[in-house]
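Undergrad: One letter stands for each residue in the lines below.
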Amino acid sequence: MKGLRWFLGLIGLVGTVAAIILLPFPSLLAWQSVYLEKIFFILVLCALMCLWRVLMGPTPADRAAALDIFGILIIGFCAVLGIPTGRDWYIDIAIAWALQSFISMLALGKYLEGRRFDE
Amino acid sequence: MSNINELFGFACIALGLAFDFFGCLGLVRFPDIYNRLHSSIKCVTLGTSSILFGLFLYKGFTHAGIKALLCIGFLLLTAPVSAHVLSRSAHKSGVKLWEGSACDHYKDDKDAVS
Numbered sequence: 001m002k003g004l005r006w007f008l009g010l011i012g013l014v015g016t017v018a019a020i021i022l023l024p025f026p027s028l029l030a031w032q033s034v035y036l037e038k039i040f041f042i043l044v045l046c047a048l049m050c051l052w053r054v055l056m057g058p059t060p061a062d063r064a065a066a067l068d069i070f071g072i073l074i075i076g077f078c079a080v081l082g083i084p085t086g087r088d089w090y091i092d093i094a095i096a097w098a099l100q101s102f103i104s105m106l107a108l109g110k111y112l113e114g115r116r117f118d119e
Numbered sequence: 001m002s003n004i005n006e007l008f009g010f011a012c013i014a015l016g017l018a019f020d021f022f023g024c025l026g027l028v029r030f031p032d033i034y035n036r037l038h039s040s041i042k043c044v045t046l047g048t049s050s051i052l053f054g055l056f057l058y059k060g061f062t063h064a065g066i067k068a069l070l071c072i073g074f075l076l077l078t079a080p081v082s083a084h085v086l087s088r089s090a091h092k093s094g095v096k097l098w099e100g101s102a103c104d105h106y107k108d109d110k111d112a113v114s
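Residue numbers (the working numbering), protein chains in the order written: chain A, 1 to 119; chain B, 1 to 114.
Note that these hints are calculated values from the structure, not bench results.
Treat the hints with care, as some may be off.
As the list claims (entries may be wrong) - Label pairs and their calculated CB-CB ranges: (1) Lys42/B to Val14/A: 17 to 25 Å; (2) Thr16/A to Lys107/B: 34 to 42 Å; (3) Leu76/B to Leu23/A: 33 to 41 Å; (4) Tyr111/A to Phe74/B: 19 to 27 Å; (5) Leu76/B to Ile21/A: 26 to 34 Å; (6) Thr16/A to Ile66/B: 35 to 43 Å; (7) Thr85/A to Phe61/B: 19 to 27 Å; (8) Phe7/A to Phe8/B: 36 to 44 Å; (9) Gly100/B to Gly9/A: 17 to 25 Å; (10) Leu51/A to Gly100/B: 23 to 31 Å; (11) Lys42/B to Asp92/A: 25 to 33 Å; (12) Lys96/B to Arg115/A: 17 to 25 Å.
C-beta: ideal position from N, C-alpha, C; glycine also.
If we strip away everything but chain A, and leave its shape as in the complex, we get (with noise of 0.2 Å):
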């Protein structure tokens, strides 16, 4: 039984991963580059994931560690992202992003730790 959901997890995501890579998707924006657009589903597939870890997660600390997996993947999000709009800020929603999350993390661990947060 496990052997089989093991086999069908494998196929799934082999075959998500080789139609994003291999099928042309309907353009859903007007970019000159189809090979952007892939580089885009694969990093929402991830981000999928990462949800599926902060909804499923058995405790507190699991959700803490795939939001800041989530923060880390949104920073290559705004990175790429300033290729094909060809806008420079979105590596400063980068920057900006990188250190909130630092500190939300900091805050989120003192948290689960049961102390408070001026000691």
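Fit chain B to the given chain A structure using the hints.
TA: For chain B alone, kept in the frame of chain A given last:
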């Protein structure tokens, strides 16, 4: 992709995407919080750093490229610290290890001190 800088930039971005994908796969598949952090935080940090370095190769020495290098520095400074804080607070809040784990040195050290 006429320019050689764009070609190497897209190669770096593809490498970073592979690291991100396998890091998130480890986040979904591993059994407890310590294994999940151990598998995913290193892969995702290196993958996002590779994406930002690909952006630097694409843009060259402009404002956006230098800011991408700065963001790599911030990411390499802050991501391991936040992962350490999260795993330490999880251990202090009483999250059990997986039953197949070999040893728990942090619990041994706390027992030796107290």
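Undergrad: Which of the numbered hints are not met once you compare them with the structure shown?
TA: Per hint list: zero violations.
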